[in-house]
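A.B. asks: Sequence:
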Amino acid sequence: MSVRVRFAPSPTGYLHIGSARTALFNYLYARNTGGKFLLRIEDTDLARSTEESTRSILDGLNWLGFAPDEEIVFQSDNAEKHRAAARRLLEEGKAYRDFTPKEAPTDANVKEAIKERARAQGADKNMRDNPYRHLSTDESDERAAAGDPFAIRLKVPTEGNTSFEDQVYGLQERDYADTEDLVLLRSDGHPLYNLAVVCDDIEMQITHVIRGQDHLTNTHKQILIYEALGVTPPTFAHLPLIMAPNKGKLSKRKHGEVVSMTTYRDAGFLPEAFRNYLALLGWSAGEEQEIYSLDELIQKFSLEGIHRSNAVFNFSQDDPRKWTDDKAQWMNAEYIRTMPLDKLLPHVKAELKANKLWREEYEPDGRALTATIPSTEAQVFEAGTEMADRPEAIAIEPLEIGTYDWYIRTVDLIRARFFTIKDFSSQGRAYFSEDFDFDPAAIAKNLTKFPDLKQWLPELADRFEAEFAQSSPPYEGGVDVALSGRGGSLPFNESNIETVVKAFTEEKGTKLGVIMNGARTLLTGVAVGPSMLSVFEITGLERTIMRLRSQLPWRL
RNA sequence: GGCGCGUUCGUCUAUCGGUUAGGACGCAAGAUUCUCAAUCUUGAAAGACGGGUUCGAUUCCCGUACGCGCUACCA
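Residue numbers for the first sequence follow the numbering used here, beginning at 12 and rising by one.
Just so you know, these hints were derived from the structure itself, not from any lab. Built from N, CA and C at the ideal position, the CB exists for glycine as well. Be a bit skeptical, because a hint or two may be false.
Using 27 Å as the maximum straight-line C-alpha spacing, the simulated DSS-like pairs for lysine-lysine come out as follows [as the list claims (entries may be wrong)]: (1) Lys263 to Lys360; (2) Lys126 to Lys263; (3) Lys265 to Lys311; (4) Lys333 to Lys265; (5) Lys126 to Lys258; (6) Lys126 to Lys136; (7) Lys338 to Lys367; (8) Lys113 to Lys136; (9) Lys260 to Lys360; (10) Lys126 to Lys113; (11) Lys354 to Lys338; (12) Lys456 to Lys364; (13) Lys465 to Lys433.
Computed spacing ranges between beta-carbons, pair by pair [claimed, not checked]: (14) Asp140 to Gln310: 29 to 37 Å; (15) Arg59 to Glu153: 31 to 39 Å; (16) Leu563 to Leu523: 18 to 26 Å.
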């Protein structure tokens with residue numbers, strides 16, 4: 012029989028990082044075995060389930076790229092079937108009506124109350140002491156007919172144990188005596204979780220249940236239901252939990268947005284990077300490789316590689332640079348810097364579009380690249396290729412600013428220092444627009460400290476104008492710069508720029524860094540970026556001249 | 001309280017009785033020098049504790065401690 016797995020979240024919030032990983036493992040297992048990956052929304056708790064949560068979970072799964080292979084099942088649609096199953100067990104004498112009045116709902120701290128009660132009962136608690144367990148069928152029917160409210164409980168056998176071979180935790184055994192006669196159907200007719208899960212998993216013909224370790228002990232109860240129903244239970248594999256830095260529970264209330272999948276989407280994470288990070292939380296292929304494509308993950312995934320101990324999702328709420336796990340951040344940056352450029356481009360496009368920085372000219376549109384681009388030349392290099400193994404940036408012919416060729420080369424150049432997709436529209440804004448901000452720290456460090464630059468940089472602009480051929484057409488998005496018309500004949504490329512800037516620096520009797528960093532601040536607005544020679548070239552002669560003449564930053 | 005599960009560098013992990021206990025992130029130092037949160041090099045950093053079994057235990061067994069889960073007419 013072919014493998015069928017399911018991811019079954021309850022829609023009581025957004026897609027939690029732990030749930031996302033559960034979904035990932037199910038997805039990987041399905042793909043690895045050629046099986047089906049199904050999705051079931053467990054919305055039986057009408058009080059807490061919301062449509063908005065369902066949407067948010069679907070959004071998260073969609074972002075991660077896990078589309079279910081069959082139609083989504085909503086557990087609430089199956090309530091009638093669950094009730095029928097409970098009724099059947101009742102008729103067969105495998106369950107009984109419990110007429111004990113329902114307890115008034117305890118306030119706020121349910122967990123604590125339950126624990127308290129359990130403590131009070133101690134070890135002596137007899138799980139089979141419910142008086143209604145032994146009520147005669149006639150009497151039970153009579154009271155039910157009379158309208159007495161009742162819950163239906165499973166009649167757990169007195170002697171024996173449940174056992175199953177967990178694919179992660181190994182053989183699990185539990186005496187029946189340790190399992191109470193669990194409620195299958197509430198007195199208001201609503202099926203309870205354990206019944207609903209079992210019925211749906213049977214209905215959906217699930218062969219492997221891969222879920223959080225918090226269900227490890229529930230599994231015994233569910234096996235009891237399977238047995239009562241006369242169905243062979245599926246294979247189980249429980250996953251270690253993902254914990255907060257203090258090894259406590261990771262929750263929205265305490266930890267906020269770090270646990271939500273949408274946060275990562277909105278923060279400029281790449282789904283492929285986050286998936287890769289998630290895969291390594293509690294699973295390992297037993298080797299030293301860390302960067303895996305989806306295909307590799309699918310190929311290498313196995314239940315044997317899953318860990319037994321919980322993993323900590325490491326972050327620091329009071330350090331903005333470590334707002335989320337630093338390995339996740341590193342992984343994202345690694346992907347941005349090293350993934351095949353054609354895979355990165357759609358993400359960059361979306362980001363630029365969202366910030367009104369996109370130009371239709373950047374769209375490939377079937378046209379071939381005419382310029383040689385460092386990493387597109389070796390287009391297929393795999394994510395994870397060492398930076399050192401990548402081809403060095405090579406000089407290119409002057410590019411028309413704003414063209415497809417220019418765009419590709421620019422993205423390739425600036426991605427080397429970026430961490431998230433957001434950086435393309437923030438840090439990298441100056442490459443795509445004249446309207447960019449200046450980082451005060453950059454101004455202080457690179458301009459204000461060297462007052463001479465106020466004259467020198469416009470002078471450098473004059474020098475550029477005099478030395479270089481106006482070989483690229485005016486940048487359309489820019490202001491019309493009045494050029495002297497006596498432009499030189501040199502192409503505006505890295506080696507020529509270097510010669511000119513070095514000569515200029517010597518004339519001024521200053522250090523190269525002073526000029527370069529001053530120019531960097533004027534051209535890009537930030538203190539960090541690629542080699543200035545590349546920046547000059549990619550910015551283009553026209554824009555370079557214009558920005559070097561700008562006095563605006565000096566007034567900020 | 002009961003039952004269950006777990007415990008290798010700060011974090012994610014490798015090791016399936018014999019290793020200088022490996023890698024990654026992060027951290028530190030150095031290099032590069034036109035910047036850097038990039039890149040390169042180097043470094044510090046771990047088997048919870050106590051007993052067994054064994055020629056030999058991180059690895060197997062027992063106990064203790066600690067953590068986590070379940071213990072609900074929640075999921």
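A.B. asks: Decide if the proposed pair is consistent with the structure: Lys333 and Lys265, CA atoms, cutoff 27 Å inclusive.
C.D. replies: 17 Å, holds
A.B. asks: Given the hinted pair Lys126 and Lys136, is their Cα-Cα distance within 27 Å?
C.D. replies: Measuring from Cα to Cα gives roughly 14 Å; hence the hint holds.
A.B. asks: Sort out whether Lys360 lies within 27 Å of Lys263, counting only the CA atoms.
C.D. replies: 32 Å, violated
A.B. asks: Need the status of pair Lys465, Lys433: alpha-carbon distance at most 27 Å?
C.D. replies: Given pair Lys465, Lys433 is violated - Cα atoms ~31 Å apart, limit 27 Å.
A.B. asks: Mind checking the alpha carbons of Lys260 and Lys360 for me, to see if they're no more than 27 Å apart?
C.D. replies: 37 Å, violated
A.B. asks: Between Lys126 and Lys113, does the CA-CA distance stay at or below 27 Å?
C.D. replies: 19 Å, holds
A.B. asks: Given the hinted pair Lys113 and Lys136, is their alpha-carbon gap at most 27 Å?
C.D. replies: 20 Å, holds
A.B. asks: Is it true that the CA of Lys354 sits at most 27 Å from the CA of Lys338?
C.D. replies: Roughly 21 Å separates the two Cα atoms, so the pair holds.
A.B. asks: Given the hint that Lys338 pairs with Lys367, test it: the Cα-Cα distance must not exceed 27 Å.
C.D. replies: 31 Å, violated
A.B. asks: Within 18 to 26 Å: is that where the Cβ-Cβ distance between Leu563 and Leu523 falls?
C.D. replies: Roughly 24 Å apart at Cβ, these two residues keep to the hinted range, so it holds.
A.B. asks: Is it true that the C-beta distance of Arg59 to Glu153 lies inside 31 to 39 Å, as the hint says?
C.D. replies: Distance hint for Arg59, Glu153 holds at roughly 36 Å.
A.B. asks: Holds or violated: are the alpha carbons of Lys126 and Lys263 at most 27 Å from each other?
C.D. replies: 23 Å, holds
Checked against the numbered hints listed earlier, the structure breaks hints 1, 3, 7, 9, 12, 13 and 14; every other hint is satisfied.
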